[in-house]
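Those sequence lines, one after another, are chains A and B. Quick note: the first sequence uses this note's numbering, first residue 98, plus one each step. Quick note: the second sequence uses this note's numbering, first residue 126, plus one each step.
What the hints contain is simulated information worked out from the structure, not anything from laboratory work. Any given hint might turn out to be false.
As the list claims (entries may be wrong) - Okay, the calculated beta carbon distance ranges per label pair: (1) B:D268 with A:V210: 29 to 35 Å; (2) B:S243 with A:D290: 18 to 24 Å; (3) A:K362 with B:D277: 37 to 43 Å; (4) A:E186 with B:P352: 53 to 59 Å; (5) B:A229 with A:R213: 47 to 53 Å; (6) B:D353 with A:D152: 31 to 37 Å; (7) B:A229 with A:G323: 48 to 54 Å; (8) A:A160 with B:R372: 40 to 46 Å; (9) B:T273 with A:R213: 20 to 26 Å.
The beta carbon of each residue, even a glycine, is placed where N, CA and C say it ideally should be.
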Amino acid sequence: MAVLVDQDTRLLCQGMTGWAGTYHTERMIQYGTKVVAGVTPGKGGQSHLGVPVFDSIAEAKKATGANASIVFVPPAKAGGAMLEAIAAEMPLVVVVTERIPVLDMVRVREALVGSRTRLVGPNSQGVLAPEVCQIGVMATDRARRGPIGVASRSASLTSEVVSQLTGAGLGQSTTIGIGGDPVHGIGFVECLDLFFKDPQTEGIVLVGEIGGTEEQDAARYIRETGLKKPVVALIVGRAAPHERRMGHAGALALMASDDADSKVKALQDAGVIIAPSAHLVGTTMAAAFARRAA
Amino acid sequence: MQLHEFQAKDILRRYQIDVPLGRIALTPDEAAAAARQINSESLFVKAQILAGDRAAAGGVRAVRAASGARAAASELLGRKLVTSQTGPGGYTVKRVLVEAAIDAAQELYLALRVDLSSGSVAAIAGPHRRSGVERHLATGAPDFQTLTLGVDGERRDGDIADFCGRIGLVGDAADKFRALLGRLHRAFVEVDAALIEINPLILTKSGELVAADVKLAIDDNAVFRHPDIAQLRNDEDVDQVQLQAQRHQINYVLMDGDVGIVVNGAGLGLATLDMVRAAGGSPANFMDIRTTAKSLDIAHGIGMILDNPRAKVLLVNVYGGGMQSCDTIVDGLGIAFRRSGRVMPVVLRITGNSENFARMRLANFNLPKTECADMWQAATRATAIAQGRA
Chain A
98 MAVLVDQDTR
108 LLCQGMTGWA
118 GTYHTERMIQ
128 YGTKVVAGVT
138 PGKGGQSHLG
148 VPVFDSIAEA
158 KKATGANASI
168 VFVPPAKAGG
178 AMLEAIAAEM
188 PLVVVVTERI
198 PVLDMVRVRE
208 ALVGSRTRLV
218 GPNSQGVLAP
228 EVCQIGVMAT
238 DRARRGPIGV
248 ASRSASLTSE
258 VVSQLTGAGL
268 GQSTTIGIGG
278 DPVHGIGFVE
288 CLDLFFKDPQ
298 TEGIVLVGEI
308 GGTEEQDAAR
318 YIRETGLKKP
328 VVALIVGRAA
338 PHERRMGHAG
348 ALALMASDDA
358 DSKVKALQDA
368 GVIIAPSAHL
378 VGTTMAAAFA
388 RRAA
Chain B
126 MQLHEFQAKD
136 ILRRYQIDVP
146 LGRIALTPDE
156 AAAAARQINS
166 ESLFVKAQIL
176 AGDRAAAGGV
186 RAVRAASGAR
196 AAASELLGRK
206 LVTSQTGPGG
216 YTVKRVLVEA
226 AIDAAQELYL
236 ALRVDLSSGS
246 VAAIAGPHRR
256 SGVERHLATG
266 APDFQTLTLG
276 VDGERRDGDI
286 ADFCGRIGLV
296 GDAADKFRAL
306 LGRLHRAFVE
316 VDAALIEINP
326 LILTKSGELV
336 AADVKLAIDD
346 NAVFRHPDIA
356 QLRNDEDVDQ
366 VQLQAQRHQI
376 NYVLMDGDVG
386 IVVNGAGLGL
396 ATLDMVRAAG
406 GSPANFMDIR
416 TTAKSLDIAH
426 GIGMILDNPR
436 AKVLLVNVYG
446 GGMQSCDTIV
456 DGLGIAFRRS
466 GRVMPVVLRI
476 TGNSENFARM
486 RLANFNLPKT
496 ECADMWQAAT
506 RATAIAQGRA
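Go ahead and model the full structure; you've got the sequences and the hints to work with.
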């Protein structure tokens with residue numbers, strides 16, 4: 098079994114009738130994802146790509162039994178789209194949209210507290226259970242079903258890591274893009290929890306980078322609850338130009354122990370295996386599996 | 126989007142937050158006239174550039190009388206100010222803010238920002254620091270206190286009272302601070318700020334709180350809903366290279382090495398920098414081509430590397446994803462080389478969506494290229510070429 102999604106996932110697309118929504122919904126249907134509804138306010142009653150379109154999520158959910166949604170809504174309205182999905186008690190919401198105002202995400206985070214929704218993203222490539230279900234915009238050609246769970250802050254490196262894992266004979270249970278935005282839905286801690294509990298997943302790859310505290314939080318979680326399966330982490334950004342502050346990005350990183358070295362150290366102290374370079378993630382995981390079998 | 130100090134103070138004034146009496150001057154004569162109007166014993170003349178840490182770089186001058194203001198303004202205006210935040214080129218000072226100096230009984234640091242671990246708006250306060258606040262905060266800052274405020278919800282008075290106590294404010298000063306924090310929080314949310322920093326926040330001898338220096342950055346993703354603030358953006362005040370790159374959907378940062386780097390995706394970009402360093406090389410730039418970039422945008426980005434005389438080799442590391450296929454990037458590469466005329470060796474690692482079609486396109490451009498099977502080979506090969514070893 099994959100995490101977050103399975104063969105019973107019934108997907109609703111928020112913003113399906115737009116350019117990006119149309120293009121990626123078509124690809125997801127081709128991949129075998131059960132797309133049951135689209136939501137675009139004002140276009141209710143229409144049909145798009147052979148899928149019924151509704152004015153609201155509540156309506157669409159009631160009519161189609163949708164249990165997951167993907168958000169392609171442009172940045173100005175994406176916050177509202179997420180709040181609507183949370184209010185409609187959508188169990189899983191995956192947000193692809195990037196450049197959403199950060200305070201809109203703070204409002205979404207407040208709405209998530211005590212809700213029934215699990216949010217992935219924004220600025221995420223999505224969730225992929227190879228050969229089962231694709232909710233997202235990622236490349237799928239190299240992904241194969243198998244024992245490795247991948248949680249990543251980077252869409253481009255997820256494709257890279259998936260390709261290396263498949264090359265090393267290790268398929269993937271699920272890949273999760275937690276998104277590149279500072280304020281987002283589920284993080285590494287929730288992904289680890291899901292993968293530790295999932296019987297199909299036997300090993301986990303975390304793809305992290307400089308900035309924020311995701312990696313330190315994951316390390317603390319493992320130290321407190323135990324390392325239940327082998328975890329390999331790749332942390333990129335060691336050679337990034339620190340001295341240059343780009344706009345407010347530096348200011349936002351205030352108070353965070355956000356450099357690559359402290360992340361690597363925290364994870365190592367928790368028993369996580371660090372991939373020595375971005376091209377060695379697949380072989381590092383394969384070696385960890387071989388050691389475990391020996 | 127960062128605002129100038131004087132613009133930030135104009136915004137805070139709208140929220141009934143006191144700032145010193147001040148005027149903008151574009152010439153030494155205007156600075157002298159401003160000083161006479163302000164009519165204060167002691168004054169500050171402050172360079173208005175879009176970067177912090179100005180005081181340490183000599184961009185803030187304490188002066189007396191109109192003659193002092195005139196002299197300070199003539200030294201600052203037209204000069205390039207290099208601070209720890211401007212990069213080595215510095216920014217040209219086009220305006221100065223002439224301001225009344227405020228007598229302080231106590232000086233504080235106060236900032237509002239989005240706290241990444243709680244995902245909420247948080248206030249940070251502590252004693253005023255002249256310089257290096259970021260470093261101080263990064264190393265733990267035991268004398269600084271944090272309070273999570275949320276965004277639209279009710280402020281909890283008890284927590285704020287406790288917060289005042291933790292930063293050493295009592296009685297009337299604490300009441301004033303509490304009121305100021307409420308107004309500042311409203312300002313933060315209403316203008317979609319990413320950061321409001323007041324350093325110092327001065328408690329005067331008569332018990333008033335005055336924001337003596339203000340840094341205000343607006344969330345770039347939210348500028349679209351503030352046309353009044355968007356019109357304050359003055360493109361001449363920001364890094365031109367970065368600005369042009371961003372207009373072409375590319376994040377670009379110039380570095381001091383010789384390996385030019387072309388990558389799609391921020392994570393893959395960081396990984397490529399790391400690999401070039403690990404191979405003993407030195408990157409000429411960081412580049413992240415956004416998925417929204419078309420081949421002409423990409424040609425512009427690659428053109429910036431071809432225009433960099435320090436770059437000796439172009440390392441192209443591309444994973445064609447669901448939103449941007451390899452051929453789009455290869456087209457940009459070919460266009461950039463034809464425009465530039467410069468012959469620079471190209472080392473490529475291209476894989477993913479439509480890689481074979483991209484290879485066919487690449488053959489047409491007839492570039493001095495080497496293709497590698499994986500990113501590490503590409504990074505080591507590019508480094509060897511840059512160092513004259515291949």
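Here is what the structure says about each hint:
Take D268 of chain B and V210 of chain A: their Cβ atoms lie about 31 Å apart, and the range 29 to 35 Å holds. Evaluation of the 18 to 24 Å hint for S243 of chain B and D290 of chain A yields a pass: the beta carbon distance comes to about 19 Å. Between K362 of chain A and D277 of chain B, the C-beta spacing of about 38 Å keeps the proposed range 37 to 43 Å intact. For E186 of chain A and P352 of chain B, the Cβ-Cβ distance of about 36 Å falls outside the hinted range of 53 to 59 Å, so the restraint is violated.
Here the CB-CB span from A229 of chain B to R213 of chain A is close to 52 Å, well matched to the stated 47 to 53 Å. D353 of chain B and D152 of chain A have their C-beta atoms about 33 Å apart, which keeps the hinted 31 to 37 Å range intact. Roughly 53 Å separates the CB atoms of A229 of chain B and G323 of chain A, a value that falls within the hinted 48 to 54 Å. Checked against the hint of 40 to 46 Å, the pair A160 of chain A and R372 of chain B passes, with Cβ atoms roughly 44 Å apart.
In this structure the hint that T273 of chain B and R213 of chain A lie 20 to 26 Å apart at CB holds, the actual value being about 24 Å.
This entry does not satisfy hint 4, going by the numbered hints stated previously; all others are met.
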